[in-house]
Amino acid sequence: MGIYILKRILSLLPVLFVVSVVIFGIVHLTPGDPASYMLGEEASPEQVNELREELGLNDPIPVQYLNWLGGVVQGDFGDSYFMNQSVLDAIFSHIGPTLSLAIVAEIIALSISIPIGIVAAIKRGTATDQSVMVVSLMGMAIPSFLLALFLALIFGVQLGWLPVAGYQPLSNGLWNHLQYLILPAISLGAIQAALIARMTRASMLEVLNTDYIKMARSKGMKERTVIYSHALKNAFLPILTVIGATFGALVTGAVVTETIFNIPGIGQLIINSIERRDYTIIQGIVLFVTLIYVTINLIIDLLYGFIDPRVRLDSK
Amino acid sequence: MTTELLNVEQLRTHFFTEKGTVTAVDDVSFTIHEGEIVGLVGESGCGKSVTSQSIMRLYDEYMVEYEGKIEFNGDNLLNYPIKKMQKIRGDAISMIFQDPLSSLNPVFTIGKQIAEPLMLHHKKSKKEAYERAVELLALTGIPSPEKRVHEYPHQLSGGMRQRAMIAVTLACEPKLLIADEPTTALDVTIQAQILNLMRDLNKKLQMGIIFITHDLGVVAELCDRVMVMYLGQIVEEADVKTLFEKPLHPYTRGLIKSIPQMTGERKLELSVIKGNVPSLTNKPKGCRFSTRCEFADEKCLEEMPPLKTHSDTKKVRCWHYEEIIAREEGGHVHASST
Numbered sequence: 001m002g003i004y005i006l007k008r009i010l011s012l013l014p015v016l017f018v019v020s021v022v023i024f025g026i027v028h029l030t031p032g033d034p035a036s037y038m039l040g041e042e043a044s045p046e047q048v049n050e051l052r053e054e055l056g057l058n059d060p061i062p063v064q065y066l067n068w069l070g071g072v073v074q075g076d077f078g079d080s081y082f083m084n085q086s087v088l089d090a091i092f093s094h095i096g097p098t099l100s101l102a103i104v105a106e107i108i109a110l111s112i113s114i115p116i117g118i119v120a121a122i123k124r125g126t127a128t129d130q131s132v133m134v135v136s137l138m139g140m141a142i143p144s145f146l147l148a149l150f151l152a153l154i155f156g157v158q159l160g161w162l163p164v165a166g167y168q169p170l171s172n173g174l175w176n177h178l179q180y181l182i183l184p185a186i187s188l189g190a191i192q193a194a195l196i197a198r199m200t201r202a203s204m205l206e207v208l209n210t211d212y213i214k215m216a217r218s219k220g221m222k223e224r225t226v227i228y229s230h231a232l233k234n235a236f237l238p239i240l241t242v243i244g245a246t247f248g249a250l251v252t253g254a255v256v257t258e259t260i261f262n263i264p265g266i267g268q269l270i271i272n273s274i275e276r277r278d279y280t281i282i283q284g285i286v287l288f289v290t291l292i293y294v295t296i297n298l299i300i301d302l303l304y305g306f307i308d309p310r311v312r313l314d315s316k
Numbered sequence: 001m002t003t004e005l006l007n008v009e010q011l012r013t014h015f016f017t018e019k020g021t022v023t024a025v026d027d028v029s030f031t032i033h034e035g036e037i038v039g040l041v042g043e044s045g046c047g048k049s050v051t052s053q054s055i056m057r058l059y060d061e062y063m064v065e066y067e068g069k070i071e072f073n074g075d076n077l078l079n080y081p082i083k084k085m086q087k088i089r090g091d092a093i094s095m096i097f098q099d100p101l102s103s104l105n106p107v108f109t110i111g112k113q114i115a116e117p118l119m120l121h122h123k124k125s126k127k128e129a130y131e132r133a134v135e136l137l138a139l140t141g142i143p144s145p146e147k148r149v150h151e152y153p154h155q156l157s158g159g160m161r162q163r164a165m166i167a168v169t170l171a172c173e174p175k176l177l178i179a180d181e182p183t184t185a186l187d188v189t190i191q192a193q194i195l196n197l198m199r200d201l202n203k204k205l206q207m208g209i210i211f212i213t214h215d216l217g218v219v220a221e222l223c224d225r226v227m228v229m230y231l232g233q234i235v236e237e238a239d240v241k242t243l244f245e246k247p248l249h250p251y252t253r254g255l256i257k258s259i260p261q262m263t264g265e266r267k268l269e270l271s272v273i274k275g276n277v278p279s280l281t282n283k284p285k286g287c288r289f290s291t292r293c294e295f296a297d298e299k300c301l302e303e304m305p306p307l308k309t310h311s312d313t314k315k316v317r318c319w320h321y322e323e324i325i326a327r328e329e330g331g332h333v334h335a336s337s338t
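Chains as they are written, first to last, in UniProt numbering: chain A, 1 to 316; chain B, 1 to 338.
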């Protein structure tokens with residue numbers, strides 16, 4: 001097991017390397033540069049060029065890449081051009097809200113989607129099933145920014161139950177923390193919930209048709225045991241895959257939601273940095289996000305083995 | 001024979017499908033006695049699996065309707081509420097399925113799957129149940145059962161999986177075992193071992209067995225009595241010996257004739273029953289076999305023959321079986337005399 005994890009972690013290195021090359025290339029090949037942004041519109045080309053020289057932006061791109069990579073492998077992601085702090089500090093000061101939001105959204109999504117997916121599968125073809133399917137289709141079709149605006153309008157403005165926008169860290173109390181997250185979490189989690197519900201339904205339907213479920217019934221098992229123990233454990237692998245993929249998307253895809261609800265997370269940081277061509281921050285965030293993605297995948301893969309003994313054997 | 005164990009009377013199983021109601025089992029009646037092995041034979045889709053799963057009521061109740069009677073130890077199972085049915089399943093009646101790999105749950109150990117019904121029906125503790133699981137695995141001839149009990153289905157070979165499944169079904173020592181093509185997915189040597197095992201267990205535990213198969217060779221080897229099914233109906237019922245020696249129904253005769261003969265000329269063409277089994281939605285009006293029967297006449301096409309008692313041990317569903325046999329025997333004598 002330990003060796004397997006070590007192997008998997010080592011296999012992440014090439015992925016991160018490729019991502020670093022691609023993101024560096026994209027960032028440096030897009031028009032515009034931080035020097036002219038820093039000096040403002042009135043600056044003369046000479047002044048801009050001087051600053052570019054100072055920042056090392058006039059070096060050939062491969063040289064710049066190697067300088068940056070040299071720092072990265074030592075854990076130094078460089079400093080922001082604008083924020084007067086290191087890239088790592090900037091990321092860590094913004095990751096908290098994003099992670100909190102993602103976790104709350106995932107919890108909401110899971111606690112709704114898995115039960116209704118199971119119920120829809122058990123009652124397939126009935127009105128219950130059909131309404132689950134229709135609602136989940138709507139959940140997938142509504143853009144999250146639209147849902148966010150509706151939620152803010154109804155629960156924030158009209159009813160006044162929850163704050164319209166803003167953020168409070170966990171250190172200010174759990175409820176303070178949560179009340180700012182509920183609306184953005186729902187608008188962010190709706191699509192995930194719809195996806196997971198559909199996957200749960202499909203996966204359960206497939207499993208409920210198998211011989212081993214018939215066998216479990218023929219042993220006299222109670223229907224509850226058949227569904228929640230025999231069937232769900234088997235149906236859970238594809239559901240887990242979707243959970244992994246959606247959680248990655250929650251961490252990285254909250255840009256719009258964070259903007260609407262004014263949450264100071266990674267999403268806001270990257271939007272601002274792209275506007276200002278804050279190269280080091282953009283590169284740092286993309287690498288960081290890649291790392292989160294692959295780590296989630298690794299965790300999901302390890303969970304597979306935990307659930308399914310067949311996968312466990314293969315990994316040895 | 002001894003006491004009646006299972007008595008099925010005029011069983012009809014209707015499925016509600018998108019295309020309307022389909023009757024997969026149509027007027028099936030038979031009796032199984034204690035300790036008896038009865039074969040249920042027929043082509044794919046003839047309703048033999050549906051018959052067996054109807055006995056255990058394994059279909060989703062909202063898509064199926066049963067008619068008739070299934071009496072087990074004198075009680076009609078069709079009148080049982082589902083909770084009571086669950087108490088019978090796996091305890092007094094249990095079932096072996098065709099494919100041992102797909103019928104064992106891949107994410108549970110063999111031990112858990114054997115222990116489950118013991119803990120449920122016999123209220124055994126987990127420890128007792130696992131101890132019994134090891135004994136059961138040993139009984140079915142699995143080597144080093146104390147190790148296998150902690151393994152998962154995919155770690156076992158095909159034959160061992162089938163033995164493990166037999167161990168699951170035997171856990172509560174059922175009075176009636178329904179074996180739905182238990183050897184079809186296995187290779188021939190393993191098949192023979194499993195058949196021997198079933199015969200031994202039948203003697204040891206005195207349980208009645210319904211053995212579903214399409215393999216007449218297996219029937220000849222194992223069963224006391226045979227029922228032949230065609231398109232949802234039993235067309236002939238007899239003890240094994242007379243069925244093979246003197247089949248009455250044209251369908252049974254066709255089946256037996258189509259077994260390849262190893263003696264004599266190998267160049268002879270294999271005998272086949274012409275045509276295909278009609279679909280359940282397109283059943284012939286009269287005798288179900290009339291569309292493929294070489295002896296069928298007007299009456300056969302129009303009127304359904306009843307299951308007639310020919311002798312104590314034989315029943316047949318055919319209008320003309322007596323004439324057919326007489327004619328064939330006459331023909332046979334004639335042919336050999338020239």
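Honestly, I wouldn't trust all of these hints.
[Claimed, not checked] Mimicking DSSO-like on lysine-lysine, the simulated pairs with C-alpha atoms at most 30 Å apart in a straight line are:
(1) B:K267 <-> B:K246
(2) B:K84 <-> A:K214
(3) B:K112 <-> A:K233
(4) B:K314 <-> B:K283
(5) B:K308 <-> A:K123
(6) B:K283 <-> B:K267
(7) B:K283 <-> A:K222
(8) B:K112 <-> A:K123
(9) A:K222 <-> B:K123
(10) B:K204 <-> B:K112
(11) A:K233 <-> B:K87
[As the list claims (entries may be wrong)] Covered by chain A, according to a simulated footprint, are these stretches of chain B (three or more residues, beta-carbon under 8 Å):
(12) 87-93
(13) 96-102
[To be verified] Computed Cβ-Cβ distance ranges for the label pairs, DEER-style:
(14) B:A138 <-> A:L6: 34 to 44 Å
(15) A:L6 <-> B:E18: 51 to 61 Å
(16) A:R224 <-> B:N79: 21 to 31 Å
(17) A:R224 <-> B:E18: 25 to 35 Å
Simulated from the structure, these hints should not be mistaken for laboratory data. Quick reminder that beta carbons are idealized off the backbone N, C-alpha and C, glycines included.
Here's how the hints hold up against the structure:
Distance check on the hinted pair: K267 of chain B and K246 of chain B sit about 25 Å apart at the alpha-carbon level, within 30 Å; holds. Between K84 of chain B and K214 of chain A, the direct Cα distance comes to roughly 17 Å. Compliance with the 30 Å bound is thereby established for this hinted pair. About 14 Å separates the Cα atoms of K112 of chain B and K233 of chain A, which keeps this hinted pair within 30 Å; it holds. For the suggested pair K314 of chain B and K283 of chain B, the alpha carbons sit about 25 Å apart, so the restraint of at most 30 Å is met.
Proximity of K308 of chain B to K123 of chain A is assessed by CA-CA distance (about 44 Å); at most 30 Å being required, the pair is judged violated. With a C-alpha separation of about 36 Å, the suggested pair K283 of chain B and K267 of chain B falls outside the 30 Å cut-off, and the hint is violated. With a C-alpha separation of about 37 Å, the suggested pairing of K283 of chain B with K222 of chain A is violated against the 30 Å cut-off. Between the alpha carbons of K112 of chain B and K123 of chain A the distance comes to roughly 28 Å, so the proposed pair stays at or under 30 Å and holds.
Between K222 of chain A and K123 of chain B the alpha-carbon distance is near 14 Å, which keeps this suggested pair within the 30 Å criterion. Annotation: proposed proximity of K204 of chain B to K112 of chain B holds, straight-line Cα distance about 25 Å (limit 30 Å). A distance of roughly 24 Å separates the Cα atoms of K233 of chain A and K87 of chain B; the hinted pair therefore holds under the 30 Å criterion. With 5 residues carrying a beta carbon less than 8 Å from a beta carbon of chain A, the stretch 87-93 of chain B meets the three-residue requirement, and the given coverage holds.
With 4 residues carrying a beta carbon less than 8 Å from a beta carbon of chain A, the stretch 96-102 of chain B meets the three-residue requirement, and the given coverage holds. Take A138 of chain B and L6 of chain A: their Cβ atoms lie about 41 Å apart, and the range 34 to 44 Å holds. Checked against the hint of 51 to 61 Å, the C-beta distance between L6 of chain A and E18 of chain B comes to roughly 54 Å, which is consistent with it. Take R224 of chain A and N79 of chain B: their Cβ atoms lie about 24 Å apart, and the range 21 to 31 Å holds.
Between R224 of chain A and E18 of chain B the beta carbons are some 29 Å apart, a value that agrees with the proposed interval 25 to 35 Å.
Consistency note: the structure conflicts with the earlier hints numbered 5, 6, 7.
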